[in-house]
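**Q** Line order of the protein sequences matches chains A and B.
Residue numbers for the first sequence follow this note's numbering, beginning at 1 and rising by one.
Residue numbers for the second sequence follow this note's numbering, beginning at 535 and rising by one.
Treat the hints as calculated values from the structure; they're not laboratory data.
A hint or two may mislead.
Stated by the list, open to error - Straight-line Cα separation of at most 30 angstroms, DSSO-like style, residue types lysine-lysine; simulated pairs:
no., chain 1, residue 1, chain 2, residue 2
1, A, 86, B, 825
2, A, 86, B, 1026
3, B, 702, A, 86
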Amino acid sequence: MGNFPILSFITFLPIAGMIIILLLPKAQTLAMKSITLIITGIQVILAGFLLYHYNYGMGGINNPATFQYIEKFRWIEITGFSWIGKIKIDYFLGIDGLSIPMVLLTAIISFIATLASWKIDKAVKGYFALYLLLVTGMMGVFVALDFFLFYVFWELMLLPMYFLIGIWGGPRREYAAIKFFLYTLLGSVFILLVVIGLYFSTMETLVDGSKVFTFNMLSMMDTHNFVANGILSPMNPHNLRLIAYIALFIGFAIKIPMFPFHTWLPDAHVEAPTAISVILAGVLLKMGTYGILRVCYPVFPDITLKLVWWIGAFGMINIIYGALCAMAQKDFKKLIAYSSVSHMGFVMLGMASLNTIGISGAVLQMFNHGTITAMLFIIVGVIYDRAHTREIDAFGGLATQMPIYTGFVTLAFFAAIGLPGLSGFISESFVFLGGFAFETIRVITVISTLGLLLGAGYMLWTLQRIYLGTVPEKWKLLKDLDFREYAMLVPLSVIIIFLGVYPSFMLNLMNSSVNSMVKFMMDSRALYSSITGF
Amino acid sequence: MNVDYLVNSLYLIKPELAIASALVLLVLIDLIMGNNKKFLPYVAIAGLIAAAYFIIGQFGMNSLAFVSKSNKGMIIADPFGAFFKGIVVFASLFVVYFSIKSDEIKASFERHGEYYTLIFGMILGMFFMISASDLILIYISLELVSFSSYVLAGFTKTALRNSEAALKYVIYGGVSSGIMLFGISILYGITGSTNLYEINSLIQSSSIPNLTFILSGILIFVGIGYKISAAPFHFWTPDVYEGAPITITAFLSVASKAAGFALLIRFIKITFIKSVDSAGYWQLVDLIDWKTFFIFLSIITMTLGNFAALWQDNLKRMLAYSSIAHAGYLLLGMAVLSNQGMIAIIIYFAVYAITNLGAFFVVMLIANKIGSENIDDYKGLGYSQPFLGVSLAIFLISLTGLPPTAGFIGKLYLFIALVDAKMITLAVIALLNSVVALYYYIRVLKNLFLSRPANGTFEFKVSFSNGLVLVLLAAPIIILGIYFTPLVDLAKNSMQILGF
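So here's chain A without its partners, still in its complex pose (with noise of 0.2 angstroms):
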């Protein structure tokens, strides 16, 4: 493999795509939707190679040397200020056990969408040039590992995703567009501040024996490069941590989203196309716990420690909420929307186990979350293509008139509870073994253990009202699924009964990292206790 800049390409291939998408005449669509899948295509080709090439005992998380494919070079220098020294930005890309998951969901999660995204016929050659934009926005930052080029990457998704929805989206585009941007650039700005502050408090040393401040996030992990008067250095007595934690966790956590910042959730992904909100909520969403991972976990290790509870019980509030709240539904996507914040609750409550089965189940279920609710929002358009309303109410039996639909539903919706064989168990009993297993957040996992019952009601009684049953008149011409949607369903199915199957194959990916990622934990409680003096 060489030096071949391979994550470069995987982050950057979509831009090039969207300039050519830009260069065709408006008439081409076919053109357009073609290259969309060729390019997000050959992501799931390169991601397969990243995978086949991954080396499985290198670790990551805060050492700069056991991350694989890393390209790094200087971006930005400015030399020669007196006061302020001198002013460097890298261009550093690299992935570990973390971020591999995560970059082969977002490439199959991107190239499904891009099928879901085939009957589009309102502003082709805009929709497609956006669309791409955003993939480049999704996987930089699972692959960026300098804050700032991060927080570019981040914000880069911004834009296209506030028109995908508000352009192609239902009749309330508008205002959940809008509410979207507002509450997602509201979290960013916080997580600005947060990147400044850690510029100021931590030098780099270079090759040459200069230090300099940096953006790198590698080095704000190793508390030898933190300056001494830094406002977010622990040796500081009147360090900002605390509330700089709180402010990072709060900017990732609207994306998951976390209760109380869920709200805009529901409503992007009601008025989203129905591609939109499978990447929305098969990849965007994990963009928050990966940063809370990535970011908040290894940067802040002694907050982390202290607020573990918190996280936790968020979690334990949002498997419940969702739950109940997607009890109540009676427009199937919102259900789903729904579902999804209570599903990511439960990746909050791995997270917050800090062991290596808990922190495991909630990276495999940010993967598993991924394919299985990306299969759920697909098998929603599937009906609202077909009949052109959501409401639970207005459909029944529909497993007589679409039996092989019915099927992948019921594969899918197995999978959401978390039978035993689907890839949603495995995560799910992961997380609840490893916060069984952790003192602290004990009684919240005991609490959170009532979702998968919830889960288990909502989910089978949605099953009973749309497809069991007596089938009304009206729907009596609805078709069963055509080739395209084959084309959606089957890899999803297959990878989720696969991951069911053989779990390994993902926990094996992860585990130098998760392990890394844990041993690093319980080794600051000591290293930083001995810096603060507490």
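Mind docking chain B on chain A? Use the hints.
**A** Below, chain B alone, put in the same frame as chain A:
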């Protein structure tokens, strides 16, 4: 007064001389050529290019012109001044081009001589404002700018709101410059000098009556605050920006503001400074608490600008309020009272100049065709005119300050300066403000792209030259947003103020 006194100084004011000559030339050509006014803008452009050439030469300079017996000069030639003069010339070049293309200006063809002459009068005034180090010269140049702009704001006599704008401008301008003059006279009364450097050494060495001094400082600030449209001296801004021809609005919002900020920085830094410490922070004379003053001023200005902009339906008026908000952000850079803050202001201003010119240019092109600046009339424009729509989107995103546009870099440096000075609360307020700002900028984008055209309007072509100018303005915003080393290098080279 001997010949040497003049000869030794004239080469330091070459840009000003170039503008003055161009002004005279414009008047003469207008007189001689009679009804043939086609050449006027080209003369203007030639004059501006000459001035730009001399300004580039000034980046290496660090001297005083018209030095008095006590070795203090009237005019400073330094990189700092060169940067802001550069911004003025940059803006002027575009404004002259806009004027060639503007239907509003074309309509009063017979008065074009007057128009370009007045613009050059303004430029000359701004140049002196930027480089003056003497209160008398500051006041005169400020008035030169103001008087020229009063007339320009009401240039298209036929439109009612034009005259209203000009009248309001005169009244507010008259009052605030009167107040400023009063402040200057008090300062002169206390110190016995009008030279900023002299005043600086005086207030450091001898005891000064505290209260009177504060009074004079604040009164002088009123004049400057009016030029940069900082709240509560901003009242003229929305009306004038809305009423004046778009070309002039663009000019006021960029060039006039640049001159105002240059004056503000110079006035504060030269007059009140004791020393600059190794970390780049300014130690000021403790007579006036400028820090607190600027903190409150910037909070009021940006909050008011942003919240007022939320309710505007006229795009010009909205941009007027947004420019007030931007003045507030720029004042953040003043509030830290440090070299970092100054760098941030310079970066922010360079970006703001490009972005605002672009935004006003798009508004003008659209107004030329549909005769309206109302946001609701822009519905669906992005579909019929994707090029204009996308350009305007880039400009507005940059004004909001989202990556990967240059506007983000401007904001980033401001926040870096704030966080470095440990002014976290102020940074939080500013960041929340930028979330508010998103809402009204995005409203325009919403109308451009999220709504369909109401009645199939907007059937016009953007000419090649206009398209080229748009690209010239939009491309740097993206490029500098991704690779901003040149921008910071420029700022680094521009922050040298004579004496510090």
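**Q** The structure should be examined with respect to each hint, and the outcome stated for every one.
**A** Each hint tested on the structure:
no. : hint           : in the structure
1   : A/86 to B/825  : holds (27 angstroms)
2   : A/86 to B/1026 : holds (12 angstroms)
3   : B/702 to A/86  : violated (48 angstroms)
Hint 3 from the list above is the single one not met by this structure.
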